[in-house]
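Student: Top line first, the protein sequences correspond to chains A and B. Numbering of the first sequence is given in the numbering used here, commencing with residue 1 and proceeding in unit increments. Numbering of the second sequence is given in the numbering used here, commencing with residue 1001 and proceeding in unit increments.
Source of the hints: derived by calculation from the structure; they are not laboratory data. Since the model is a prediction, treat every value here as computed from it, not as a measurement. C-beta atoms are modelled at their ideal positions from N, C-alpha and C, and glycine is treated no differently. One or more hints might be untrue.
Facing chain B, a subset of chain A residues (Cβ under 10 Å, in silico) [to be verified]:
1. I20
2. L43
3. L51
4. D83
5. M245
Next come the chains, spelled out residue by residue.
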Amino acid sequence: MIPAAFEYYRPQDMAGVLAILEEHGDDARVMAGGHSLIPMMKLRMADVPHLIDLQDVGGMSDIDVGTDSITIGALVTQSDIIDHAGLAAAAPILREAALQIADPQVRYMGTVGGNVANGDPGNDMPGLMQCLDATFTVVGADGTRDIPAREFYEAAYMTAREDDEVLTTVTIPTPKGGWAYEKQKRKIGDYATAAAAVQITKDGDTCSSVSIAMTNLSDTPIYSEAAGAALVSTTVDDAALKAAMAAMLEDIDPTEDNRGPVAFKKHVAGVILRRAIERAWSRA
Amino acid sequence: MSNKLHIKLNVNGKDEEFLAEPRELLIYTLRERLNITGPHIGCETSHCGACTVTIDGKSVKACTMFAAQASGKSVTTIEGIGGPDNLHPLQEAFKEHHGLQCGYCTPGMITRATKLLEENPNPTEEEIRFGMAGNICRCTGYQNIVKSIQAAATEMNAAASSTSEAVGSKEVEAAE
């Protein structure tokens, strides 16, 4: 419950953030909503001698819904996502997923940027962003660079972001067609036993494109290109669904924990993917 | 030992200024520094919501925020919602409908419910259960908490319509 002592900074702009990161290196960490970092600090699982609170850094709290793409500032909260009517119209899967993350209090504080940058495979937004083919923009001493969500996650808590970089923006190509974020969990606020993000389009009765990503079934989110390929040019009938489930199971690598043994997680992953595809297809 | 920070809070309408270590969690500021002991601590993993307060219009678990983060902001606790002589309709309804037993979750429950009803003055049962999902109760089984919030909503809406106030409504829906 009691975090170790640290120095606290609340810089007013990104230059101030980067200066502190540069000065203290690995000993400094940025904090957005604080709802993953503070719990880890309270358990002394995160040691953060220099804590940089991002709340006063401007320009990272906007949601811009453009014609072809959507940009979401890293400090946009989960409740901002849920409340934004334009976003709900343009990319309804975001709202559907955000409502399945944590609980009301946590959603007022927890941010999109923190969720995707955290690197915990339990977080829901990383898989969602892989499904949507999002791009993460990070800024560091050498300027900004873009990293595709599908290339961002390397292992549990290991991402392509360097320690001296700050994730500032998530950019999403405006999604098309039907959508679903289906999550199996033990209770409100739990990380998924298995979850699936699906975005799918149809041409007549035939699936023309589909994107599938799975949450908390490996040490990173899993974008399953093969699962998608099993559905394209089909009518999403039972055989195609089974082929997609089988392909997805080849891509995941769950581990046993309190949510169940590996065999159970694989079973649930298949069930959840089937439900997600069926619901997304019904909306396409 | 880290440097102490100069922190300013407005708590239940009163300005507070003090020096605190950066690691001081807001729940300890309230309880131990300011003797505002309504908000409680029920866990160390940010699940239970017994520490819920309202900060600048958001329901926040005060165990998962440093006082330094809240500096410059307004905090409302159960003590600022109403007292024995001027019970808030939610406090009255929790009493009337047996929405509490041991009373340990109650300050967080009621503080959260004030915000829920502000956002959604006419919640369905499902919306109440979903909107209160960040608050755990060991005693009631939740049923009477739902009834209490429904009763308070009815009471507050009647009072609002009798004074012809425009009530802002925001949809809060359940995902499951």
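Student: Each hint: holds or not?
Tutor: Hints versus structure:
1. A cut of 10 Å between beta carbons decides the hint on I20 (chain A): the least distance to chain B is about 14 Å, and the hint is violated.
2. Nearest Cβ of chain B to the Cβ of L43 (chain A): about 7 Å, under the 10 Å cut. The hint holds.
3. Annotation: interface hint on L51 (chain A) holds; nearest CB of chain B at approximately 7 Å, less than 10 Å.
4. The criterion of a C-beta within 10 Å of any C-beta in chain B is met by D83 (chain A), whose closest approach is roughly 7 Å, and the hint holds.
5. The criterion of a C-beta within 10 Å of any C-beta in chain B is not met by M245 (chain A), whose closest approach is roughly 22 Å, and the hint is violated.
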